[in-house]
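Novice: Here is how the chains run, residue by residue.
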Amino acid sequence: MTFARRITYLSYRAYTGLEHRLRRRLTPAGWGLLIGVAATALLSLDVSTSLAYQALFFMGCCLMMAALFVFTFRGRFAVHRLLPRFATVHVPLHYVARVRNEGRRPQHGLLLLEDLEDPRPRFARFVELQKADERLLRAFRFGRRRVRWRFERAKVAEGAVPDLAPGQEADVPLRLVPLRRGVVRFTGATLARPDPLGLIKGFARAPGAQSLVVLPRRYPLPPIALPGAHRYQRGGVALASSIGESEEFVSLRDYRPGDPLRRVHWRSWARAGRPIVKEYQDEFFVRHALVLDTFSGHADEEVFEEAVAVAASFACAVGTQESLLDLLFVGTEAHCFTTGRGLAHTEQMLEVLAVVQPRAREGFEALETLVINHARLISGCICVFLDWDAERQRLVSRLRALGVPLLVLVVQRPGAPRLDPGPLRAEPARLVALEAGRVAEGLWQLKELPAL
Amino acid sequence: MKNSLTTPPLLLAAALLFWGWQTDLLWLGLAMGVAIEGARWTNFRWDFSEKELRHLWDFTTVLLAAVGLFLFAANEGTDALTGLFEDASPASQYRFVRQGAETILQWFRWSPLVFLLVILAQAYGTRDRIPYSVFSILLRRRRDRALAAGAGAEGGLNLSYPYLAVCLFAGSMVVKPGPWFFAGFVALLAWGLWPARSRRFSSVSWVLTLVAAAALGLGSAALYQQFSGWANAYGANWLARFFIGTSNPRESRTALGQIGRLQLSGRIVLRLQPKSGPVPQLLREASYHLFSSPQWAGAGRVRDFANVGESVVQTSWDLAPGATPEGVVTLAQYLTDRGEDARRDLLALPQGVVRLERLPVFLMSTNRLGVVRVDEGPGLVIYDASFREGSTIDAPPDKDDLAVPGNERAVLSNLVAELQLPGKTTAEILDTVAAFFSRGFEYSIWLPGPPRGRTNLTAVGAFLTRHRRGHCEYFATATVLLLRQAGVPARYATGYAVQERSGREYVVRERHAHAWALVWHNGQWRDFDTTPPSWVNIERQRASSFEWLRDLGSRLWFEFNRLRWGQGNVRRYLFWILIPLLLFLLARMLLAGQWKRLRQKTGASATRPAGPGLDSEYYRLEAALGEAVSPRRADETAREWLRRLDGHARLRPLGETPADLLALHYRLRFDPRGLDAAARARLREGVNACLEQLGGQAQGPGSLWRRPWFQRGQPPG
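Going down the list, the protein sequences come from chains A and B.
With this note's numbering applied, the first sequence closes on residue 522, and no number is skipped along the way.
With this note's numbering applied, the second sequence closes on residue 1360, and no number is skipped along the way.
None of these hints come from the bench; they were simulated from the model.
Possibly wrong hints are sitting among the right ones.
[To be verified] Covered stretches of chain A (in silico footprint by chain B; criterion: 3 or more residues with CB under 8 Å from a CB of chain B, positions within the stretch not fixed): (1) 72-85; (2) 121-131; (3) 162-175; (4) 256-268.
All values derive from a computational prediction rather than experimental measurement.
All C-beta atoms in this analysis are idealised placements derived from N, C-alpha and C, irrespective of residue type, glycine included.
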């Protein structure tokens, strides 16, 4: 079985590798001729019925001559990109690559191609994906869309390089469309030179490794009345996310019987002649938790991406001027990331969300423990779930028992059955099912959500 | 004037001329080329909506399918296909493959005509690219999903180069000798590749590379042709083994003359309508006199044939001048296209044919065995044949008509002795032989295998002495040989038996193909059929249960061909009259859309632009500068761009004006208070002054060509 999978993997790599190379090597005219060769080859078997064979051999020889020129291109270049810090999935990004001719000959008529890291999965991950795919497969049943595997992180259109004298530098404007969340890594760049006929490109590689963080997609959210009341936060804003005994100093006042001795300000007592104590601010403010379910089991990648996008939308939309927002999820370990009131910026949370990876289906207890331990601090909780099974329902019922107001969003594949509210039976409006691919519409329905 | 063809000027016209020349549709190619390239010199533009383009594409797809079906039917593809189901022998498989290949080639040949509408929509439309979503519902769905997911605008396809490829491809689907195809193909492709050449190399190296590729291509194509000829010859021999192979006993035993391929299906090959006199029972197509098992030979070589009448166009052919006919029948027959330009076929005629009327063929010839061959006629002939019992165009017998192959002689002489034939008159011999075959012989299409063990028995010998069963060819061959052994001159004839009545006419199917003997008796050649009459019923049982369906199709096809070939030229061009009709319908559909949108637009023309300042004159300046110097890059702000252009020779006379105008534009665009009337006028006049200095020709968005052609003439914003 492993052998068969190994063969599948090898042929997958061979096919995608060939396609990738052809895409980079051939110009549009070259593609035209290649397709022409393929079409005429079929009809060239019988020379007595058509002259397609003559066309075939001419086009084939053009491609062959062009291929000979591939080996005659030499040059040394350095490339540096002027990149912004972030990009967003599917939002085209324009940037400039600065190319420097380090060779001794002037160069003109070149194209710049970006070299991105090979996005194809390794064998183990490939098998994992394949198995997940097979679980979804039902013989003779239509309607279930096969999971589309797309690993390509970004698409970069090739740019025309201006003429370069030796040692000269020039800017090449490029357009990049990020296709997936995460980090786009540039391993270098390739300077390409088409042959005289303009069919096939010869390459010279230039170093220039850089990277770019691609943030998840965000959806517009209607103004939502988030649940929750002010809660006492020990330690004040600055330390609202950490644990310790320090507290926010506000002022000094006279001693009142019952004040703890350790709050006495001895130096002021000495100056004023009467006992003076330090007074601390008791922090009360709204603090929300955004719980992201990462236990997708690798199969429902589309669903997981949508869940991340939903979480990102909330991270952006929840007003963090006056409140705090905690992002809770389980990656390689349990994470709690807090923003708001100057503690950290939304971009940082988006950056975290940009690199969240899905996990196997098992181990949901870790998230449950994390959320329950956090529950006493929070005044409301938004849960983005990938499923609505017994484990998740149990977490919801425990949170309800602790009196935490909830909004539960479940992202599903298209065509999934309606959800049974379960523990949210009392207020079914708090359970919202979102269909992957139509999340924006689903989120907009939150407008009608009654405030708690 | 906006041009949406990306190919170099006149290239598409040249390619269409090339196609027209290759496919003998030169004038059509010229007209199409003029229609397409004309877009470069006219202002006439349509603003096609995506929906209209989709309709156009759907129409093209339907047309493509219709042309495919038409060609499939025209190439008798349906017959080949049904033949494949009724009889899956290698012969019919081969026939089907050939028909299929021929259909596909013709289909490709027609393709520039089929795709004409879409390329016209590209040429006369206002879009640079036809969106991908126009071409398939799948892509449309994917586009919708991608848009929903927030992906950017979708791409499209400019059809100019694909159409060039279609023309070149269609042009190569014809076989014309000589180097002109190759030369034309190379020239057109070079023309098309010229704009895509690398600027890094000189034109000389481009030409040298191309010449090298052409020389190499020509050499290898010639080599390939040689090799292919050799492979085909070998392949044909190899394939031929299947036709006479052992996989199908019926066919292996019937490789006698032509009949091997005939006794197959229920396809209607002939229609016969009696006009006067008796109905002939047999229609003879060919006769043979030399037997060398398993082959009958004798006719078919060109030099054996002598022309009838003068070789000018005539429709009456006297085969036996002076004889008075006994009966007249009308016969309808398809003439097979035998490649090259020739339509050449043998006519199936009643015995004793005297005269043929209403037969529009160029040339008719007969040989001494009475075979009538016609050359250069229409695809379908419907003619009157008059005949008279006993009249004959066959030559009198000679020694070949008495020859018996040595290996058959032993069995036959035994049989002649057994039947006590020597010494009897010809009439008595015929009676005896007929009686012999009617006793103890039966008709069968299934035969036992060849004689087992060491035996000298031939197929005919085995038939006569052992199996005593076989199909008509065995009866005919055995009869001929037996009569010859008895001293009566005889020949072997193939053709059709007339036995199925259908209304007022008789239909003759492939299944009715028959073989019989011709006997020289009383100074005449007479039909002598010894096959038991039961063969008619046995063959009828082989009829497919879907034969009625096929007959219906055959009838329709026949009527269509009657129109096509029958009555002069007017009906022949009926097909071409349909095309303008279709175009008219299409134009009406599109025009309706145009008017609708025109009305909407005039109604809405008074509305304000969507955002403040979107009607700013500055855009025109930006477009003009972009065209004159360098366009603004997507990553540049307008100010950065102006700074980059600063100092360019064309900008120098303008001084600081563009920057000032930009400031005004920004105020118009983003200042909540906007521009007052005076400042607005300053912006307008400043832009106009700059444009005048730049040459004033360049037009920005919202300029002339973006609007539908009928709205032009209004001054821009």
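Novice: Evaluate each hint against the coordinates.
Specialist: Status of the hints after comparison with the structure:
no. : hint    : verdict
1   : 72-85   : violated (count 0)
2   : 121-131 : holds (count 11)
3   : 162-175 : holds (count 4)
4   : 256-268 : holds (count 6)
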